[in-house]
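Generate coordinates for the entire structure from the input sequences, incorporating the hints supplied.
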Amino acid sequence: MGSRSSGLLFIAPAAVYLVALVIYPTVYLYYMVFHSLNPLFDVAPKFVGFQNIYTLVQDQDASYAILAMLLLTGITVPVQLALGSLLALLFTSPHLRGRLVLRSITLIPLSIPAVIVGLNWKMIFFTYGPLNTFLGSIGLEPQPWLSAPFGHPFNTFFVLAVLDIWQWTPFVALAVAAGIESIPPDIQEAAALDGATRLQMIRHIVFPLSKTIIIIVLLFRLIDSLKIFDIIYMLTFGGPGNLTTTLPFYIYKIGFTLTAAKADIGYASLLAVILLLIATFLVLLVLTRVLNVKRVVWE
Amino acid sequence: MDKRILGFIITLVAWAVGVIYLLPFIWMIGTSFKPIGEWGLPTLLPENPTGRNYLEILVTGGVYGVRGHFPPILRYLFNSVMVSVTVAILTSLLGAFTAYGILRYRAGGTFFANWILSLRMIPPVVILYPLVVLTKSIGLYDTVGGLVFVYPVITLPIVTWFMIGAFKSVPRETEEAAMLDGCTPFQVFTRIALPQASIGLATSAIFAFLFSWSEFLIPLLLAPSESAMPLTAFAGYFSNQYGILWGPLSAAAVIISLPVIMTAIMIQKYLIRGLTLGFIR
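Heads up: the sequence lines are chains A and B, in that order.
Quick note on numbering: my numbering labels position 185 of the first sequence as 183, and the sequence is numbered without any gaps.
Basically my numbering = 1-based index in the second sequence + 35.
Certain hints may be false.
To be verified - Partial chain A-side listing against chain B, Cβ under 7 Å, derived:
| no. | residue |
| --- | --- |
| 1 | Phe8 |
| 2 | Val14 |
| 3 | Leu100 |
| 4 | Ser102 |
| 5 | Thr104 |
| 6 | Leu172 |
| 7 | Ile211 |
| 8 | Met232 |
| 9 | Pro238 |
| 10 | Gly239 |
| 11 | Thr255 |
| 12 | Ala258 |
| 13 | Ala270 |
| 14 | Ile276 |
| 15 | Ala277 |
Stated by the list, open to error - Only pairs whose alpha carbons sit at most 25 Å apart, straight line, appear in this in silico DSS-like list of lysine-lysine:
| no. | chain 1 | residue 1 | chain 2 | residue 2 |
| --- | --- | --- | --- | --- |
| 16 | B | Lys304 | A | Lys209 |
| 17 | A | Lys260 | A | Lys209 |
| 18 | B | Lys203 | A | Lys209 |
| 19 | B | Lys171 | A | Lys44 |
| 20 | A | Lys260 | A | Lys44 |
| 21 | B | Lys304 | B | Lys203 |
As the list claims (entries may be wrong) - Now the stretches of chain B that chain A is said to cover, found in silico as 3 or more residues with beta-carbon under 8 Å:
| no. | stretch |
| --- | --- |
| 22 | 61 to 75 |
| 23 | 109 to 123 |
| 24 | 236 to 249 |
| 25 | 299 to 307 |
Worth flagging that the hints you see were computed from the coordinates, not collected in a lab.
Backbone N, C-alpha and C define an ideal beta-carbon position, used for all residues, glycine too.
Right under this line is the structure:
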């Protein structure tokens, strides 16, 4: 239907816009990788060849930031998938009372800006904040939740992980619940007539049919967990030390805070390229195996 | 096991989870009505509720009479509304346009569709510095217009994919009939396809609004002054600069959160579909 040229006219505005705002910045990013620009002293970028790459190889903070990012993703995403799937089973149970209200409540952490989630927890976790006052009043030891170094039993990295799990488990739950509800009721009725228990139904009907959905959820969680920034900015600003400085936050520190030890926009650009490569690799791994765009769109 | 006991256990566990999600939020609302002496107390609700926090942060500025300590946020709120509404209108229309071209004409092929999808993956921090340079070079740095110019990088991929899903449920036959009656492709789009996908269009506008409203890192660096900074960036920046003014900060947080929570509950049927770009319906 229709001609080729009118199709191109439909996509032209978005294509032009995205080329200007995505391709140009990406090219500029690669240009900056071979330049150095100190935001305090320099006016124009100066060519330094491979110097940023030498800096990266010797920069232990950068290796730690990459590791911290992967560790945070590696902890939070599997836990979210597991807890979220369990929660989805609860949400779709025919015995549950007050389902609608409950679902609306779990929308809160999904819809509030991440900054506000961070702000809220920052107040609650504050050393002299309500949580510690409460713990003190029932005779438990207050904890330095947001400044506990590595080795501390309530170390801040895990506080951060728990918060991310708290924030995003409802997303998994609601998505999986939507999948379970889209299973045609007659399949479930037929199984029930054959005398299947609910556990058997979950294992043999619900679980296999939700597989695709779980993989899609995994994809989106993976993407967003490699972007985590707002909550770190609010809660810990990368600290204590650099315990919660994951790669996106490290890029911010190097590129945009003037006080960082290696503050340099060229070096930050190299780190950004690394982040982009890691994200692309992980996402392609999931995407190429599971989602066939051609099938999703046109068939 | 007895069905009633099972039902009771399930309801109990599910609601225990619900309480974990509700408590921090109730505490935030409670704190926003607390007078200065109660801010740090672990009580959910204020003993002597006051509207002073709201009055001071919205209108007069200052905390408990100390002027200049907390600027009135009306200006930042105004910036947020301006940016989010404009971006919502612009990207939903542009996204609908693009989605229609991709779906009906296969314009750009699999590559273009894939490429737009992949943009959802880019962490904003990666292209932030080039965007600062770009907006500075065309005079849009630190303006509301600059944010409107940049935000579609985030919202356009989401809206485009959401609208692909919306147009898929529009029957092709009416469009083909209109073509035969002599309508141009653009007329078919505006008169036949778009009206039939109007719910999808409205929902995608709401999504673009929600994403723009929540954006933090981009405005933090692209709009550092009062004339352009939106409320989210202000709340984050302010709490790191001036610390623990919990009453006013909570009031600001409530003002930022309430509209989006209401909106999210309103469109909850579509929320997951939108967040997964239409992959889960």
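In ascending order, which of the hints set out earlier in this document are inconsistent with the structure?
2, 9, 10, 11, 12, 14, 17, 23
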